[in-house]
Structures are given as structure tokens and as C-alpha cells.
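S.K.: Each chain, written out:
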Amino acid sequence: MAAGAASPIRRAKGEVLHDGFLRHAGFRWLKIATLICVLSIASYMLVDVTPRHNGGSWYGYAMGTIGVLLILWLTLLGLRKRAMTRGRWSLKAWTSAHVYLGLSLIVIATLHTGFQLGWNVHTLAYALMMLVILSGLFGIAVYATLPAALSNNRAEMTQVQMLDAVRAIDRQLHDAAQPLTHEQAALVRQSLEDDPFGGGLIARLSGRYPRCATARAQAALRRWTGETPDTGNDPLERIDALLERKQAMLARLRRHLKLKALLEIWLYVHVPATFALLAALTAHVVSVFFYW
Amino acid sequence: MTDRVRIAIVGSGPAGLSAAARAAALGLSHLLIEKTDHLSDTIFKYQKGKHVMATPSQLVLRSDCDFEAGKREAILDRWNAQAADQGVNVAYNAEVKAIVGIGDPIPGSIQKIVERRRDGTTETKEIQRLAPPYRLTLSDGRDVIADAVVMAIGTQGNPNLMRVPGADLPHVQYQLDDPGEYNDEHIFVVGTGDAGIENALGLAADEAQGNAVTILNRSTEFASAKAANVKALMAAAEAGRLAIMTETTTAKVEPGFITLDSRDGEVKLKCDRIIARMGSAPPRAFVESCGIEFTSGDRLAFPKLSPVFESTAPGIFVIGALAGYPLIKHCMNQGYDVVEYINGNRDLKPADEPILAAKFAGLPEKKSVADWLEYLRANVAVLEGLSPLQMREFMLDSEVRAYRRDDVIFEKFDPGSSLFGIARGQALVEVAPGVDIPIDQGSIFGEVGLISGRRRGATVRAGADSIMVEVSRTAALKLMSSNPPAKRAITRISTERQLLQMFGAGLTPADLADILDTAEIRTVKAGEAILSEGDLGNDIYVIRVGSMIVEKKIGGKNVFLSYLPAGSYVGEMALIAGGPRTATVKATVKSEVIRLNGDAFARLMAAKPALLERARRDMAARQDVNAFIESRKDSFSTVVDMYSETAKFLVDNGIGEATDVLLIDEHLCVGCDNCEKACADSHDGLSRLDREAGRTYAHLHVPTSCRHCEHPHCMADCPPNAIHRGPDGEVFIDETCIGCGNCQRNCPYGVIRMDSVPPRKPGLLSWMFFGAGPGPGEPSKKWRAKNAEPGVEKPKKAIKCDMCSGIEGGPACVRACPTGAAIRVAPEDFLTVARLGGEAR
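Residue numbers (the UniProt record's numbering), protein chains in the order written: chain Z, 1 to 292; chain C, 1 to 841.
Just chain Z, same shape as in the assembly (with noise of 0.2 angstroms):
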């Protein structure tokens, strides 16, 4: 290339720009974590504890250490995210490391308990943090499946302007309805002061709105229209191609919400379990120490 009279920082050679949390740093986490996974899992067979593995043995120990602090370090992810210190640290590289030594953590915490579970504090503490990773693997497989949707659906619309669209057909519906019946003005009242969001969580993961009041006017302004050929200045059609193009932005919106929800929805478990699991670690840790 020619002379660049560019910026004194210049990005390494043939450095990938863009590889996502999943393959940062061409899988170094995965690597290190799988490495870690071997070693428990190797160390596991050959040391010898008698009569056999369980939390209580010094390897027991060891593993048990291990799997406290890597919970620790991983609920530090949460902090870490919403901290904006100076220095060079990477959300990513965090999100990487995140992603993969939690993972490992079924393996060491698996090996902890020496196969050894029951109806007590320390199996409840065990379940919450399978409970904690069953949630994150789910959030794994959105995040590496919907942002293609989600960037597909919008079109280049920002949240704020499908609202805003919505509105604005709300308030051209509003007009054109001024020379219905009350019959049939009432059933565009009824789209317009519906929710068209409501209808609670279920509708929302789902996105599907079953009782959308968009459709029902539309469906029963179609008694009227549906015999007359459409004319083109019969203010019905015209309420009818309005409601039309509502739905349609509707369903783009809702499909919004639905992804989003969806990438976020996790969150929500995710996030509980882990205050759940340090409560529950705690009383593991605690009763571990007293019955010592």
C-alpha cells in the first residue's frame, strides 16, 4: 500500500477484526478450560482416596477451593461489565473466559462432590449452579443465533421509530374513521386503545397476541368490505389498507420484542440462581467448616 499519512497507532497485520466472545483469541478459553476439564478429570483417576471420592478428602478439597473461586471470579463478570475503568481489558476477552470456565465448572464441581449427592444444602448448592449454566449454555445458543435475526427484522429501524410508526398509523386510523358508523368506528377504537403488547410474558416470548384487537377489527371490517369491490374512496378500505399496514408493523415490532426478550429472558434466571447459589454456597461452606 501507499504512504499512509494515517494515525502512529496501526493495528497489527492480519489481525482478525471482528471474531466473536465464542472464538476470541482463536479459542483461548476453550482451550485453557478443556485443558483444566482434562487435568480434573485425569488427576481424579489417579489419585487414590480411600474409601472413596468425596467432598471431604484433601482432592475434595482442592477441587471444592477451585470451584468456589471460579464461581466467584465468574459472578465478577457482572461488575466487571458495568465498571468503566481505564486500562486495556476487553468486555469480550471476560465474556470468553465467562462462557468457558463456567462450563468447566461442571466438571470440577461434578468431581467435588465425588458423585456423592442427596437432599441437603450442598446437592441444593450443586443444583442451583447446574441451574446457573443450564441458564448461561441457553444464553450461549441465542446469542450465537438471534443478532441476525433481530439486525434482519429491524431494517435499519430503531425501536424508537417502529413506535413511533405505529403511532403515526394510530393517528391516521384515528382520522380516517371520523365518517364510519358507530358500529364500525368502534371496532377501530378498539385497535386503538388496545395494548398491543400486552398480554404478558407468554405473548411476549412467543410473540404470538392471539387476542390482537388489530386483527379482530380487521377481521370484522372485512363483513362490510369483503362483498363491495374495493373502489378505492370507500373510507372502509381505507381504514382496512391502514389497519393492514398496522399489523404488519405489529408483527415486525413484536418480533422485535420477542428477540430481545429472548436474548434478555435468561438474564433473569441467570442472574437470580447466582445470588441463590452464594447464598446456598455460603450455608455449604459454613456447615462444612462446623461439622469439620
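Bear in mind the hints are in silico, worked out from the structure with no lab data behind them.
Note that the Cβ used here is the ideal one computed from N, Cα and C, for glycine as well.
Hints are all accurate, no fakes.
Among the chain Z residues that face chain C by a calculated CB cut under 8 angstroms, a handful are:
#1 PHE21
#2 MET84
#3 TRP89
#4 SER90
#5 LYS92
#6 ALA148
#7 SER151
Just a sample of chain Z residues kept apart from chain C, beta carbon distances all over 10 angstroms, derived:
#8 MET45
#9 LEU46
#10 PRO51
#11 ARG52
#12 TRP58
#13 GLN116
#14 ASN120
#15 ARG189
#16 GLY199
#17 ALA203
#18 ALA215
#19 ARG222
#20 PRO235
#21 TYR268
#22 PHE290
Fit chain C to the supplied structure of chain Z, relying on the hints for placement.
M.R.: What follows is chain C alone, placed relative to chain Z:
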């Protein structure tokens, strides 16, 4: 009939009228000759109700007529009354046809008049000057004999004309008498001097007239207009009353339409009327025929004058706009001064004398102001073409300082956009620790600031006891726009330095002389090609401003090869290897290239093997790229397509003029907005980016965030000069921002916002554990209102991305992205074929 007077004054504008009033007050016999039936035709022709300004405000008015800022009508009424009261002798409806000396021939005073014909040949006439008195032949048949003549005819009679196809159509006019005459028209005003701006404002003032007014500016700056006018224009544009198109020139005029060359290419718009206010040139032929010589052959040159305004024809004095001085106050002062001089008062100093004397007070020697001005003019090459009068004006806006040997003139990374001229001594530019490059007397330095507004690139010291002129950015732009030779000199020096910096390879300025003589600066429209594949030619092009893309036709499709930022060169392949051009090079935005003659460059390469070696290396790299694309075209044709299309999308979205841009990979973006929050938390709680807004192509999203343009549009018109480019290429706004909003309006990408700093938030942990404060990210309007310091209104200032300069670790948006979707790239890194290899894996 022949009148005999002491002083004949030609032209009754502010200068002529003031001269006549002084002559009347001194009791000298005089005649004020006016070609129309009223005084001061230029101001008379101002549009009705125009507010006439009185700049420069620091100048004292010295005249027998009063003048202060006010409405055109009030000023004219007062002048008419004063002219009558003071017994000024006016000949109306009289145009001077000729001025001839009737004394003896002046030995050795022969004037050469070069007449250029249309076919390019020139004819030189020689005229023997005759001594005063002068005979003035008037159009009404009268003759006037005068001992002294004061020429104050201004330049308005001779407006600069449009030179595009269709410029002679009747709806193109050079004058606007009454803006109230036009209704419901699409009107284009060409030229953003004071006249153009005032016309545009007048036409758009009354909304009921329904005019759609657009004003065209060929650059981004409004250097030739008064600051108050520019402000009013900006305010009107903001209110939506008129439109401003910058970096736009007229390409063609047709009935009902105008075709424009804009930054984004050619556009054809509806147009009912064009008002061209592009300045005016002196009526040269007539002035020359009176025996008055001009400073140069340039069309815009001014007459050669002594410091007392005496022209080369003894006894003929030239004042006012014709002398190069368009401001009313100056004209009036000159009228007074010149009549005093003719009357024998040799001790009168010009009214701006005390201001200039103060500027020269700190210099080592004691010289008079006139001597200093002449000293600077004679010793700084770029000032050479200025008349003493222009030197006075120029120095009012500039500073001059003495430096002792080894004094630091400016430090590396200092902000500053002024230009320095070396009047005496030497400057040493520290290119590396301990390595100084001398710049000698007569030359300039600091010119990079004029072009890019970057911070100082090197520390400069005085190499000897020196005297330097520091020219402010505005004064330098004015100098360049009003004085073509100065512009050429500055351009030549900056070109030379750019070439030296680019090619290095042990070149010296002397080596480049040959190339610079043939170098030519060309403006290229967006989308226009400088090289076309298959064309013959061996010239080298250096990209000075803007950027280019290189394309090659493969299998009938244009495939994007590479992106060239400013500071690169192209064309070496045809020169070294011979044969036709191998690729097409097109401008992404309106750009400027330096065309270097191929043969001259070849000679230089022959003389300097290191340069040839360098060029060969660059060529080899480009041939690799071509070969790579060729090899990929079958197996990866869709990949190549995708790459080309993506590159096009990015270029369309202004990446072509970016130096560093935030992109978001929407395969990875989960919409958490942590980038925005991080941005806000790193910068006083205000986010400088809008992630969701902006264009997307193939899941590559360009959010609304600063691209740090190579030629920042925001920098174009910042009254306090608060926008600079930092050492890492970031464009930032410093604390001197006055919140005027010009930059926000000028930014074509909408990345600047005006806001005040929100109150301080409680810390992160107190939010996490106790729920104190609004949490990470930009606080809501509500929280801000509730927690604002009561009674204190914080000013809204312009804020924009500064690339987190000064924050260790770099841009917060990228560091805070949990999935790696946010990346910052320089286009030349991103738009390279190397990425194609990566994608195809």
C-alpha cells in the same frame, strides 16, 4: 466647456464622497464626478432596508461625513444631507471616458499594457506618461482639468460572471434590488460573500413570499463574509427558512433547472432564478488607460500604489474598493487622508496606525509602521503580491513577533491552526529528537494546520534571532482567497512538503523543483475517476484531500480492490511497467489530487534509485492484490461480490472520508447497549453514540457515531476554533466551545449533540447494593432534572466522540462490548483485500 479644479474625484461612493467632503472643508476647488443621478451607487443598489455594517469595529472613523452601522436608507439620507451642507460640488450623470495628462512627457515613465486576446496571443502597447494636470473627458462632453485625480470608482460596475453553460440565460442576474419583488420561486444564490448572504437572507426573510432559497458555497468555509452575516445565515438555515449547500459549484444552467456539482455528485434541481454574487474585479482596461499599473497580470490584481495611495501615474490617487479595500470605514478614512495629502499635509498617519504601531512595538528595531509593513511584505514570499494597503489590512488580523535563537515557537501536539511566515532568521523543525530541518527566511511553516487542522506535528524553534509573522487561520484563508499568487505559493509549499514526506527516500526540495513546476492540483467530484482501466497515460496522482477507491473490471463486474486515503499516490504501475492503466481509481467524496507529470517523475526516479526502489515495492504490493483477486474470481466469485458490495456500502455511508469508524457486526450484537453506557460513563455521563440508529448492510451496521473525517465538516465553521484533530487522529471539541451549534449543523452524519453535563452520579457499588442513583449509562432526563443544582443553568455545549483520547485502554465502546460486535477500524485497514482471505476461510 472646460472646468479647472484642484482635485477631481471620480466616483461618489463612501471613499469619493469622504474625499470631496474633506476638499470642501479645506476650501479646495473640487468636482465629484458621479455617473448616475445619485450619490454612492453601490450602497444605493443594496437591497431595500439592508443593514449596513461598520467593520472593522476597532478602526476609528476619520471623515467629514458620519457613518455608523444602520439601515441603507438612513445612511444614504445622512450622506445626501451632509454633502449638500458641506458644499460638495457634484457632477451627476457624468461618466469619465478618459484621463490624460496634459503636462510634459515624464522621462523614463512608459507604461506597458499587455492585452490578452481570446486566441491566446498577447499584444503589448506602450504609452508615454504625461505629467499632471490631467484632462478628464466626461460622457456629457465636458472636459475637466484637475491637478490631482482621486479614483474611487469601486469595482461593483464589473461583477465576476458565471462561466458555466447557460450562464447567459435571462434568469441569471448579478444584482438584487428589491427582494420583495419575487414570490414563490426557487432561487439559487451563488457565492457566500456578504452580498450573496444578504441577498439570500432578504429573499427568505418573509415566509409569505414563498421563495425556496438555496445558497451555494464552493468550499465549507465562509471566509470572505462578515461573522455577523454568517451567524444570521446559519440561524436562518436552522430555522428552515433557506438551505445552504457547501462544497457545491454550478455545473450547468437551463431554463427552469440548475445542475450542481455537490460533495455527493451531480444533482439537477428546479430553479427559477439565479442570483450570482461572486465578487467583482476592477474595470482594468479603463484604469490602465489612465496610466495606472497593476501589481500583476492576474485578473484579480489591484493597482500598484504608494503608501499614500498614489498610483504609478503621478497625481492620480486610487482609493476604496478599487485599491483593494472593500470596507466602508476604510474607504472613508482613505478619502480624508488622500485629500489631506494632496493639500500638503505630509504628517498625517492612517487611522489604523496606532493599532499597527502597537503590534510592531515589541520588535527589536524601531522602524515606522510603513517601513515594517514593507519589510514584511518584501521578506515573506507569500505576502509579496499584497499592496501596502492590503498589507495594512492583513496585519490587523495577524501578529508579528521577535524570537531569540532557540526560542520555541510552538511545541509538538500544541493545538493551533495558524500559519507562520519567516521575515528574518530561520526556523528549525524537529523531525526527530536531535534532527532539525531548517526552513529559511521568506518561507512559511505551520501550513498543515490550514489544510487539516491537526495539532502541530513537530516542535519548531528559532534557528537564529528571527522575526516571524503569525497569520491566523481566518486571515490566511482570506489571504488565499483574495490573493491568487499567495494561494499558489502556499499550495506549492504544502505540495512540496507532502511529496517529501510521502516519498522520503533522501529527496531534497531541489530535486522536486522540476516536478512541482508541472504539478497541478485538480478537484475531483465524488464518483469521478482520475484513472480509468485501459487508458493510456503515465502521470502520477497524489491524493491531497479526500479518498479514492480502486476498482477493476472482472468478468463484467466492478470489483473493489482497495481504498486509498489522503496521502497515498497512484499511477506508478503504468509509469514503471508501461502499458495502459490496470485499474480504475475513483473519488469516494469530493477530493483534491495533485497530478505529477509522469515524464518528470520518471526522470526523478532515474536520478534517485532509492525512490525507484520505493515505487517498485509499492507496485509489487498492488500487483499482488490484483493477482489475488484474479485468482479468487472463479472459486470465490460470490465472496468477491460480497466483498465488493460491502465495500461500496461502507463508502456510500461516508466511510470514504472517515479516518476511524465504529462498526457493529450484527451477527454478534445482542442489543445490550453496553457500548452506549460505557461511552456515557467514560465521558461526563453523556453518550456520544447511538447504536441502534444508522445504516446496515449484510449485518454490518454503521451506528451514528463520529467517523473522524479526514476533512471534518464540523471544523469548517467553529467561531472559537474549538475543534481540533488530536495526535491519534481523533477530532475533538475543546472546552472553549461556545455552544453555537454550527458543528452540529455542518455534520452530515448527525453525530454531534448539544447537551449540558449532567449532575454527578453516585458510585457503581452504591447503585448495585443500595440502589442509589440511576445506574450505569446516561442518566434519564428526569433524574437529571431532579438532581440538578437548583438555580444553576449549565450551558449546552457540543459533544462528540473523541475516540476516548487520553483514556488508557482506548475506546470504551469497544472495550465494553461483551460479544465482540463493536469494532473500530480505519477504512484503509478494513477495506483491504486481506479481509477477503479471512472471510473466505
